[in-house]
Structures are given as C-alpha cells and as structure tokens.
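Colleague: Which chain is which? The protein sequence lines are F and C, in order. Position one of the first sequence corresponds to residue -18 (the working numbering), numbered consecutively onward. Position one of the second sequence corresponds to residue 1384 (the working numbering), numbered consecutively onward.
Heads up, some of the hints might be wrong.
To be verified - Far from chain C, by Cβ distances over 10 Å, these chain F residues were calculated:
#1 Ser31
#2 Gly98
#3 Leu117
Stated by the list, open to error - Quick list of in silico lysine-lysine cross-link-like pairs, DSBU-like style, CA-CA up to 35 Å:
#4 F:Lys60 to F:Lys2
#5 C:Lys1529 to F:Lys165
#6 C:Lys1542 to F:Lys28
#7 C:Lys1546 to C:Lys1529
#8 C:Lys1529 to F:Lys11
#9 C:Lys1546 to F:Lys19
#10 C:Lys1529 to C:Lys1542
#11 C:Lys1417 to F:Lys19
#12 C:Lys1430 to C:Lys1539
#13 C:Lys1546 to C:Lys1417
#14 F:Lys109 to C:Lys1781
#15 C:Lys1540 to F:Lys60
#16 C:Lys1529 to C:Lys1471
Please keep in mind that the hints were generated in silico from the structure rather than gathered at the bench. Positions of the beta carbon are idealized from the N, C-alpha and C atoms, including for glycine.
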Amino acid sequence: MSEQPNAIDALTAAKPSPGEKYFPKFEVTKELTEEAAKLVALYPEGKEQSAVLPIIHMIQEKHGYICPEAMPWIAEMCKSTPIHVAGVVTFYPGIHTSCPGKYHFRVCRTIACALSGGEELMAYICGKIGVDPASLTDEHPMAVSPDGLWSIEPVECLANCGFGPNVMINDTLYSQVTPKMIDKLISEYSKKD
Amino acid sequence: MSEITYIRGREPHPRETRRIFRNIDREGYNPSIKCFMEDGGYETLKKAIKMEPADVVNEVKKSGLRGRGGAGFPTGVKWTFIPKGNTKPVYLVCNCDESEPGTFKDRFVVHQDPHQLLEGMIIACYAVQAHFGVIYMREEFPEAAKIMQNAIEEAKKKKFLGKNILKSGFDLEIIVHRGAGAYICGEETGLINSIEGLRPYPRIKPPFFPAAIGLYGCPTIVNNVESLCQVRQVLMRGGEAFAAEGAQRSPGTRIIGVSGDVRRPGYYEIISGSITYGELLYDICGGPKRGRKFKAIIPGGASAKVMRCDEVLKDRNPDGTVREMSVFDIPLDLDSIAKFGSMSGSGGVIVMDDSRSMPKVLNNLNRFFAWESCGQCSPCREGNPWMLKLSTRICEGKGSPEDVDLLKSVADNICGRTVCAFGEACSWPTQAFTTKFREEFLALTKPINALKAHSPETAEARKYLIRED
Ligand SMILES: Cc1cc2nc3c(=O)[nH]c(=O)nc-3n(C[C@H](O)[C@H](O)[C@H](O)COP(=O)(O)O)c2cc1C
Ligand code: SF4
Ligand code: FES
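Could you put together the complete structure from these sequences and hints?
Modeller: Given below as structure tokens:
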C-alpha cells in the first residue's frame, strides 16, 4: 500500500474500539478458508461473487467486524476485487467496520416503535451503558461503552411493529421493552461469561 | 384434524380466519417437519408435483391471487412473463426482507412455521421450472435464518427437496441468503443485485424486469413470503374455490398488522374485504386508548398515504348517487382504499390518536427515507435529506409558512423521476401529511422565520426587523 493515505484507505481504516478485547482477531486459517469455500459452493458455478455477503456475515459473527485486512481475503475467496468488497462493506448498515461491544443493542427508532416510546428507551439505554447519545450520528451510528462490554446502534423497523418498542441484543429480539426490563437484561447479560 | 388450541392470551379474534397463520401461536406447535406433516404438510406438494407445471400456473392464475409484498401484482400472471422459448435457467427468489415500517407478518411464518413457506416455494419453483431458489432473509432475522436452514435440511431428508423430488424427476436446491440491514434490498431488483454480491442498487425497468432479466441475467420470479404461502393454499383448495372467497379483485385472506395507538395492536388474518377499517380498529383492535380519539391512519405500510379520520369521503353508489363516508367505512381489501388516494400495500396499518403531532410523525418517516435511500438517483438522494431538514426545522419551530409548501414541492419533484419505486414511497407520506394536516404544520411556523439567517442576504435583511423572533 502506498504511503499516501487516500480516500479508500481512510474509509476502510481500522477504527480502534474497546469491544475488540472480546473478539478474536481476524486471521486467515485453514478452517476459515474451508468454511468460505463451502459458502461459495452454494452458488451456481462462476457466480462466486454472490458469496460476498455470506462470507462477511461469517467473519462478522466470529470477529465482530470487518477489518481492513479481511477485505482482500474476502475478495480472493469470491474471485472479486478488494475495492468491490469495500464497496459492499461500506454500503450496508448491518456490516460494521469497527468492533461492537460483546453485547450489541439494536434499538428500533422507526415510527411504530417511536409511537410507543422507542426514543426515550434509546436515551435510557445509552445512559445505562455509559454512552453519549449525541455521539450517535449518521456517519457513526454505533457507540461502544468504555469497557467494551456494550454497544448500541439505532436501527430501522425490525418488523415487529405491533409490539414496540423493540430492541435486539445480539441475535435475540425483545419486544414491549420497558426501562425496568432493560435493567434486568443488563444485569443478566453482565453475569454471562 | 384435531381441534386447534392457541397459547393463552394469543388466541385469534373470532372474526379472523386463520389459514397462513393457522399454526402461529398454536399450543404445542414447533418449527419441525414432524409438526408440519402431522398437520397435513407436504400433501399439497405431492398433489402439485403430479400435475403439469403449466397446469399449476393456470391454477394460480385462476385463483386471482395477488402478491402480498406491496404492489399487489397478480402472481400467476407474473409467472407467465418468463419469455417463451427461454433456454436460460430460471430462478425463484422469496422476498423475506420485510422492512416496510408497519409491516410484520412474514416474521411469524419464518420463525414459527418455516415448512409452510418451503412447501409453497417448492410448488412455485416447480410451476416455473426453477431448479435454484433463494430465500432472501433480512439480516435482523438471524434466528429465522437458522430455522429456515434447518427446515431445508429436514425437507431434503424427506426427499421434498434436492434431486428427483418425490421421484418426479424434478431437482431443486434452495438456499438462504442473508441481507445486511438495508431497506432497499426489499425492492426486487435491488434484492437481486444484493444476491449477486453487488451493492443493492435497484435496476431500471425496463429493461430489467426480473421475470425477463433477473438474477445473473436470467428470468427470475420474486415473490413475497405470504404470496408463496398463499400459493400453497391455492393448490390445496383449488383455484376456483380460492377465487370465490373474499373481495372479487383480491381474493383470499390477508394478514393485517396493526400498530400504534390502539388498545390491542397485533396481527390479524382476515378474509379480504370481509370487514372495514372501522371494524378492524374498533371491534378487533378494541378502539382508541382511554380518553383518546383516532386521528389518522396509515393504511398500508409507512409509504402509503395517510388518511384523516375526520375527513368526509365521497363515494358513488351503484345507482349513481353520491354517498358520504369516512375512512372507517372503507372495506379492507387491496383496491377499495386506492379510490381514496392511498393504498393497502403490505397490510401494515399504523394508527395515530389525537395526542400525536403529525409533523413529528412525518419527521420520523423522513428520517427513515433519508437514511435508506440507496443514493443512486439525485432526486431521491438529495431530496430526502432536504425533506428531513425541512420537517425538522418545522418541528423545532424554526420554519416559516413557506417551508411547508417547499416541503411538498420537494416531494412532488422526487416521485416519478427515479429508478425505483422508492421515489414514490418516500414522497407520498410528505405529500399526504402536508396536504391533509397542513394547519398543524403551519401552526408550528412563524412568518418571521422566512427571514431567518439561512443566507447572507436574509441575514442582512434581518437587521431591519423590529420584532424579536
Ligand atoms: C422500496 C421498496 C421496498 C420494498 N420492500 C419489500 C419488502 O420488504 N418485502 C417484500 O416482500 N416486498 C417489498 N417490495 C416489493 C418488491 O419489489 C416486489 O414487488 C415483491 O417482492 C413482489 O412480490 P409479490 O408479487 O409476491 O408481492 C418493496 C418495493 C420497494 C419499491
Ligand atoms: S429511487 Fe432512491 S432508492 Fe430507488 S434507486 Fe433511486 S436513489 Fe435508490
Ligand atoms: S417500527 Fe419498530 S419494529 Fe417496526
């Protein structure tokens, strides 16, 4: 890579996050390569590029986020180019370029949840995990707590609108969430190892 | 089949007819193939796979089934758009992106009754002779992706999927492809680009009608989860029987999700056209909350135009006389509400009562659309943040009366000038809110704000104002 930082390097550059201590660092291993090959094999011949998203999901599940080093490797796996992978990574809000906390809150902010108190809930969770709500912007929609255990991100409709406010913690959806429930969930999750 | 009992507290309302949601919240039911087969699962597939594919298509055409993803396009007709004499492979994609705010129905099928979708999808694949199917699952359904994957494995073991399905000679592979949190992946051509591993930019139609040029440039049928489940119902009950039930132009059942300010929000499966919006909101959903009155309804997902509850609507009787009615008298089918300028789209009904500020609601929607625009067309990419800025300014009391007209004119200039229907989806709310609730917007503005320091000239002119703002 050249000495001169350019816009693309800047876009994909690693942004340090306290969440990293909870995830193993990205590393190319035989197992990882095999797993990626399996994903590629799901798609018709010659359409390896379709596996970009599945491979990204696999890495994100294991390592928390897509680091700059992972992009050329993903490109190699699905016979694409690093810049193409960077294009995909930077498009989707669901793909992180910096590490979330061990437990990641996704709080729905769309209309039905907003009508049932989603915005107040968002502020409440931010307060609980020690994150400044003002630090959440369109450019940086995710914030990580200083201890790296928690992170929070506003998201759009989670398709459970009748039972708002809706919140996801990692892969689990919680509906009709109240501040009291948040207290309980936070203490339960902190006790998990 | 034995009497069905539902989990306590989640029983269907007596006015519901549970077909697609028959097994949702059912006592003792789980997503396994065993449960599904004990309930008559995969019997319809056995029947369908003995028919000629063209006959399956005809049956669906006869049924009059219309898509449940939002646009309401006749499913059987869509299937016949695959070019005649096509030699390329055909693909079928199930749209489980469910991301239109206010819509929540597909979620329950893929979490609780995955085999129902799979059976419908296999029948549809057989009908259009697709040997590769993709379930496009939104990223926010990680558990459903696992459940669906598991269901696919189970179905393969029983020979409902894979090579030579039920000894018919028909081969089919189905995979689950997960999205990554972008609304635009629900748009069928954006979705196809997403599967191809590209940025999910929608493609322009014509020429990129998926049924002609879709996934990998081959004919591709994109159908919503509920539509595919309905296909199974059509084959189970017969096209004619299906067509005979419910509204003439949109037969079958519909799943309606009600959210917002009602006493009993939730999902309800009703026969299309069998009740009105009033019956839905008052009888089934229990009416407004204590001491409140209904003010506005968004009848078909966030992008449908809002309806005012106190507005007097005029409709023509069959004998030509004019009759006055309100939004509550409109039957709940696909077309009736279109006459009054809105749409019933994906079946998500969002209700607001008199405690709500309409500019605030619109501001929330504008933020959604500004965030979700894919950025491909200038009117949509630039117009949405502009609308958001204007509605925010109005909500903060910093807007001038002209801003309300400007807001509407920005919306007017987006729709019809974009690659995909997002352009319409994002401008309809603004157009409807600013027209129907204009006085609420104006009430938040101040004439003096027209001279706010938005530009150097206005800053200069402001010096001569004597009133404080
Ligand atoms: C901006 C936009 C978002 C859409 N989102 C969805 C969606 O989340 N789910 C869906 O099934 N259809 C969605 N659609 C409609 C699809 O483009 C397509 O019409 C539908 O999947 C066709 O299926 P059907 O014929 O079974 O209704 C969306 C359309 C647009 C323009
Ligand atoms: S209308 Fe908006 S969402 Fe659709 S292609 Fe254009 S920019 Fe993208
Ligand atoms: S608006 Fe929050 S889940 Fe739909």
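Colleague: Evaluate each hint against the coordinates.
Modeller: Hints, one by one, checked against the model:
For Ser31 (chain F), the non-interface assignment is contradicted: its Cβ lies about 5 Å from the closest Cβ of chain C, within the 10 Å cut-off. Residue placement check: Gly98 (chain F) keeps its beta carbon more than 10 Å from all beta carbons of chain C (closest about 12 Å). Every C-beta of chain C lies more than 10 Å from that of Leu117 (chain F), the closest at about 12 Å, which supports listing it as non-interface. In summary, the hint linking Lys60 (chain F) to Lys2 (chain F) is supported, as the alpha carbons are separated by about 31 Å, within the 35 Å threshold.
For the suggested pair Lys1529 (chain C) and Lys165 (chain F), the alpha carbons sit about 27 Å apart, so the restraint of at most 35 Å is met. Of the pairs offered as hints, the one joining Lys1542 (chain C) and Lys28 (chain F) holds, with about 27 Å between alpha carbons and a cut-off of 35 Å not exceeded. Annotation: proposed proximity of Lys1546 (chain C) to Lys1529 (chain C) holds, straight-line Cα distance about 22 Å (limit 35 Å). Restraint check: the Cα-Cα separation between Lys1529 (chain C) and Lys11 (chain F) comes to about 24 Å, which is no more than 35 Å; the hinted pair holds.
A distance of roughly 19 Å separates the Cα atoms of Lys1546 (chain C) and Lys19 (chain F); the hinted pair therefore holds under the 35 Å criterion. Proximity of Lys1529 (chain C) to Lys1542 (chain C) is assessed by CA-CA distance (about 20 Å); at most 35 Å being required, the pair is judged to hold. For the proposed pair Lys1417 (chain C) and Lys19 (chain F), the alpha carbon gap of about 28 Å is at most 35 Å, so the pair holds. Pair hint Lys1430 (chain C) plus Lys1539 (chain C) holds up; C-alpha atoms about 18 Å apart against a cutoff of 35 Å.
Between Lys1546 (chain C) and Lys1417 (chain C) the alpha-carbon distance is near 21 Å, which keeps this suggested pair within the 35 Å criterion. Under the criterion of a C-alpha separation no larger than 35 Å, the hint pairing Lys109 (chain F) with Lys1781 (chain C) is consistent with the structure, at around 32 Å. Taking the CA atoms of Lys1540 (chain C) and Lys60 (chain F), the gap is about 32 Å. The hint holds against a cut of 35 Å. A C-alpha spacing of about 31 Å is found between Lys1529 (chain C) and Lys1471 (chain C), which places the hinted pair at or below 35 Å, so the restraint holds.
Consistency note: the structure conflicts with earlier hint 1 alone.
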